[in-house]
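The listed protein sequences correspond, in order, to chains U and F.
Residue numbers for the first sequence follow our numbering, beginning at 13 and rising by one.
Residue numbers for the second sequence follow our numbering, beginning at 13 and rising by one.
Treat the hints as calculated values from the structure; they're not laboratory data.
Nothing here was measured: the structure is a model prediction, and the numbers come from that model.
Treat the hints with caution; some may be incorrect.
When chains are identical, the list treats them as one kind, so a pair holds in a single copy or across two.
To be verified - Dumping the calculated DSBU-like pairs for lysine-lysine here, alpha-carbon to alpha-carbon at most 30 Å:
hint	residue 1	residue 2
1	K383	K366
2	K41	K196
3	K196	K409
4	K17	K252
5	K83	K141
There are 2 protein chains.
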Amino acid sequence: MNIPKTDKPRVVIIGGGFGGIQLARGLAKTPVQVVLFDRNNYHTFQPLLYQVSTAGLEPDSIAFPLRKVFKKQPNMFFRWGNVERVVPEKNLIETSIGDLEYDYLVFASGSTTNFFGMKSVADNAMPMKSVSEALNLRSTVLQAFEQATLTDDAKERQELMTFVVVGGGPTGVETAGALSELKKHVLQHDFPELDLRLMRIYLLEATPRLLNGMSDVAGEKAVAFLQEMGVNVLLGAAVKDFDGATIRLQDGSAIASKTLIWAAGVVGEMPEGIDKAAIVRGNRINVDAYNRVQGHKNIFAIGDVASMPGTDERYPNGHPMVAPVAMQQGQLLARNLPKILAGQDLEPFRYFDKGSMATVGRNKAVVDIHKVRFQGWLAWVAWLGLHLLMLVGFRNKLVVMINWVWNYFSYDRGTRLIVRPYIKEERNKDVKAA
Amino acid sequence: MNIPKTDKPRVVIIGGGFGGIQLARGLAKTPVQVVLFDRNNYHTFQPLLYQVSTAGLEPDSIAFPLRKVFKKQPNMFFRWGNVERVVPEKNLIETSIGDLEYDYLVFASGSTTNFFGMKSVADNAMPMKSVSEALNLRSTVLQAFEQATLTDDAKERQELMTFVVVGGGPTGVETAGALSELKKHVLQHDFPELDLRLMRIYLLEATPRLLNGMSDVAGEKAVAFLQEMGVNVLLGAAVKDFDGATIRLQDGSAIASKTLIWAAGVVGEMPEGIDKAAIVRGNRINVDAYNRVQGHKNIFAIGDVASMPGTDERYPNGHPMVAPVAMQQGQLLARNLPKILAGQDLEPFRYFDKGSMATVGRNKAVVDIHKVRFQGWLAWVAWLGLHLLMLVGFRNKLVVMINWVWNYFSYDRGTRLIVRPYIKEERNKDVKAA
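Model the full assembly from the supplied sequences, consistent with the hints where possible.
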């Protein structure tokens with residue numbers, strides 16, 4: 013794989029997400045060689061993926077070339093490849109582009125969609141954790157409308173024009189809201205032949221409330237906003253089965269729909285080779301307060317794939333799987349690694365929770381900053397501003413801002429192209445290739 | 013296909029390119045029903061495709077949703093589908109979404125890449141006539157560099173870092189120039205591990221000059237600009253064969269390269285069913301001065317797919333296959349169709365040539381406006397301005413302008429993501445699906 017052997021220890025990082033980037037950047041001045049693996053050549057800003065799915069943003073605006081992140085960091089090597097297996101006895105990883113030895117190994121491999129073991133759902137629903145999946149979803153929604161113009165069978169047309177989002181977290185809430193705006197401002201004009209009153213959007217959540225993890229008032233306000241926008245919010249509604257045309261719920265009821273958008277949860281994702289005993293709830297790797305993997309001195313895990321149960325009274329089952337935790341763990345490990353090399357005492361992890369927010373639509377968002385809670389226009393502006401700030405790269409900030417300003421004043425969505433038609437049979441291949 | 017039958021004549025247009033759009037728009041107030049077919053749900057602004065291939069622009073900025081073009085035109089139906097065969101005896105077309113009868117039929121189906129019957133080239137070279145092809149090319153270039161980092165075989169690395177563009181028309185010249193800028197401003201920084209002096213860019217043209225169809229001074233200046241930028245321009249160099257690693261020329265010489273970009277020519281593209289006798293040079297349909305297909309009263313062809321030899325002393329073999337001809341023929345047919353319905357005399361086509369231009373790189377372009385010819389910075393500004401004006405949609409103009417301003421001042425290219433890795437074996441499927 014053509015990575016030079018130096019006398020400096022080699023730190024291999026698996027994954028260029030929020031945690032991996034912070035760690036790699038933080039090691040710029042540490043006397044180590046850093047090798048970062050990712051199966052994409054870009055970093056994905058996942059909080060805005062739902063806007064790619066709903067034709068609001070181009071994928072290029074919410075992704076950032078990884079090589080560009082590190083272009084002024086001489087101790088850094090990026091490799092575009094998939095890490096398939098870890099062999100801790102040999103301090104070795106096996107990847108799609110060859111084997112590599114490491115001195116220190118960091119799992120920053122994130123999470124993947126959790127279908128809770130339901131095969132029919134995994135086969136037929138649309139996940140949205142990656143850029144390709146978001147583009148597939150965009151194609152699916154637009155293709156469903158094109159198909160609806162072709163049929164004179166009222167039942168089929170209704171199935172095509174019904175969209176069911178599962179999962180009442182931020183992604184589900186944001187996607188359902190964005191679909192409702194797409195209906196009102198875009199599809200209505202694009203498809204004058206269709207009676208848009210037929211278009212139905214459902215949001216299903218298995219627990220009794222939306223936005224678990226935020227305050228009650230945020231959850232209730234999200235329901236109110238969504239209902240105002242015409243979304244059918246069903247709480248306590250758990251999906252049992254989906255055959256591609258009918259969604260069956262555990263209470264025996266059913267919804268006829270061709271499109272099930274799955275945002276119901278995630279599980280840790282990692283290469284093979286980690287001792288099963290170290291894997292805890294949610295397929296996450298058990299780490300100590302220094303992100304060290306149980307039983308290993310030179311293997312670490314940060315972000316979604318890591319779980320640190322019992323170290324913080326606020327999070328007895330481990331921290332939430334969100335970007336700020338990953339970023340803070342990456343930053344901490346970048347400070348701790350030089351201490352390990354120097355034989356000094358390490359600093360334990362303590363999550364600084366800045367609060368959470370979710371947006372539903374134009375002028376409609378909810379924000380919790382500890383005891384300070386607000387909703388509506390101000391929350392929406394705060395949401396926009398924070399997400400612009402967090403985007404990597406000035407060009408991306410600029411292009412996203414212009415798109416948002418444009419969408420706001422024109423009530424339009426610019427990017428509704430079916431660039432590559434989505435063919436269900438090819439999904440798994442796409443997902444793998446991506 | 014669910015298109016209502018009315019008492020108005022039905023005009024079916026095959027293709028939403030420059031000609032098809034002008035015609036369909038021009039018929040807004042004519043008492044006809046218009047049905048436009050395209051295999052994409054968007055119009056592609058082909059003159060800027062090369063910037064998508066070379067990571068300068070997002071595909072969404074140079075394409076425009078077709079339904080949006082016609083959203084205020086009640087006599088208009090868009091259908092996303094592929095027209096497979098025409099049955100003139102029955103006034104019927106067979107498409108991927110069913111059959112449809114027409115009263116008037118217009119071929120506006122454009123052109124496709126001409127490999128001049130060389131199977132090995134068709135199998136292994138990269139064409140760039142569509143958005144998917146441009147994205148495939150972008151992936152190929154970036155993947156070649158990722159692969160070059162992995163090998164310690166000097167010969168393989170050189171093959172991976174050699175890019176050969178074939179065809180000295182505007183597309184070939186523009187692509188070779190853009191690759192040279194990508195090398196200088198982007199790849200150099202992204203791949204510090206590689207010796208970028210190894211990267212070689214060739215532009216091959218079979219005739220003795222570049223930019224045939226423009227003035228001699230434009231052609232000579234283009235060569236000078238490209239050489240200044242480090243492109244190896246080979247004139248009188250005709251490709252014979254390409255096996256995926258070696259390009260063989262007709263003079264017996266060879267270039268070792270994994271990437272052959274084919275911009276050497278186009279041929280008319282159309283569904284089956286047109287009488288072979290009506291097909292002339294370049295696989296174009298022979299039409300009279302009113303764009304009527306020889307032997308048919310109610311079938312027309314406009315743009316690249318149409319040829320009007322012998323009607324204009326300036327173009328004895330038919331008009332050039334360029335956007336302005338297609339647009340003017342679409343506009344004319346929109347004026348002539350009402351005359352046909354009213355039994356009035358028709359207006360013959362007379363091409364108004366406004367001139368031509370091509371860009372090579374930053375501050376480097378060539379412009380011919382009849383006897384007025386200029387090159388360099390002013391020509392480049394004129395090129396930018398004209399292409400911004402021609403882009404469909406204000407949002408697209410805005411986003412493209414911002415990208416250009418950004419690229420100009422930052423010397424950067426923002427959109428270098430490998431969104432879906434390009435796998436050669438799947439190319440033909442991609443191209444078909446797209």
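### Numbers of the earlier hints that this structure fails to satisfy, in rising order
The structure breaks only hint 4.
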